[in-house]
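With the hints as constraints, model all of the structure from the sequences given.
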Amino acid sequence: MQEVKRAELSVDWELPVPVGLRQAELPVEDAEPYLVLSYPLPRWRLPGVLTAAEQEIALAILAGASRSEVAQARGTSIRTVSNLLAQMFRKLGVGSRIELAARLSEDAPGQGLEP
Amino acid sequence: VKTDEREALRHVVDSLERNTDAAPDPARTLAAWRALVEGRWSLLESFDAHGHRYLIVRRNSLEHTAPSALSRLEAQALLLRAHSTSYKVIAAELSLSTAAAHNLVQSGMKKLGIQDETELPALFGRALASHEVRER
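If you read the sequences in order, they're chains A and B.
For the first sequence, the residue numbers in my numbering are 1 to 115.
For the second sequence, the residue numbers in my numbering are 1001 to 1136.
Honestly, I wouldn't trust all of these hints.
[To be verified] So the derived list for chain A, only partly shown, Cβ under 8 Å to chain B, looks like this:
#, residue
1, Pro-16
2, Val-17
3, Gln-23
4, Tyr-34
5, Leu-37
6, Ser-38
7, Pro-40
8, Ile-98
9, Ala-101
10, Ala-102
11, Ser-105
The set of hints was computed from the structure by calculation and includes no laboratory data.
Computed from a predicted model, the values in this text were never measured in an experiment.
Ideal placement from N, C-alpha and C gives every residue a C-beta, glycine not left out.
Right, dumping it as structure tokens:
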């Protein structure tokens, strides 16, 4: 019963319009125009506390690369990438990719690093 | 999008790029976003260019509205995840299994053309600040 109540906590939430959303019509033959929506991709603020290697790995991870893909691209072992990631997470006080994204995003006010 | 429509699409993208300094019309963008979220329009294709994500959407016929609409649970899961909430906590908040919470985020992202969850904080992270979780 308690769990049902928890599920009702946030039913009024609406997904907000992405910041910077723009739109334009795309004409198509013999049909109603399509719509083209556009919004800016995330911009990352890389703090100076991270080394060049950590910054490179952070950008790759935020772009969706796996540890093995990063290791292959850098010509290192997966263990090395994992160690660098752990070190970077410790420095930034985060524990996951999504926390890293929130921490380094320029567009998530209140969550990013202090300038 | 057919091959012969690519040229028109290129012009549309160029015009959007040229007008980035002009403020978008809030009423029109809100209406377009709601049409996508509520499933009246659905995503045909998405691509990235010039630091932007582009979504090509078209109006659904009435009988096809429901499948592409974002469910309330999907919206809630996306908002919670945008705030770096773990899947375990999302599952507890929404009374679901962790796997179901993960699936909700993935299906919500797919409907909106979001390619990676690391995009969520930038897109919706600020939203929770204006929403209070209310005990009923």
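We went through each hint and held it up to the structure:
1. The beta carbon of Pro-16/A is positioned within 8 Å of a beta carbon in chain B (closest approach about 5 Å), and the interface hint is therefore held.
2. A distance limit of 8 Å between C-beta atoms decides the matter here; for Val-17/A the minimum to chain B is near 5 Å, and the interface restraint holds.
3. For Gln-23/A, the interface hint holds, since its Cβ comes within 8 Å of a Cβ in chain B; the closest pair sits about 5 Å apart.
4. The beta carbon of Tyr-34/A comes within 5 Å of a beta carbon in chain B, closer than 8 Å, and the hint placing it at the interface holds.
5. At its closest, the beta carbon of Leu-37/A sits 4 Å from a beta carbon of chain B; the interface hint therefore holds under the 8 Å criterion.
6. The restraint placing Ser-38/A at the interface with chain B holds, with a minimum CB-CB distance near 5 Å, inside the 8 Å limit.
7. Hint status for Pro-40/A: holds, given a least beta-carbon distance of 6 Å to chain B, under 8 Å.
8. Checking Ile-98/A against chain B by beta carbon gives a least distance of about 5 Å; that is within 8 Å, so the hint holds.
9. Because the beta carbon of Ala-101/A sits about 4 Å from the nearest beta carbon in chain B, less than 8 Å, this interface hint is met.
10. Taking 8 Å as the C-beta contact cut-off toward chain B, the hint placing Ala-102/A at the interface holds, the least distance being around 4 Å.
11. Interface hint at Ser-105/A: satisfied, since its Cβ lies 4 Å from the closest Cβ of chain B, which is below the 8 Å cut-off.
This entry satisfies every hint, going by the numbered hints stated previously.
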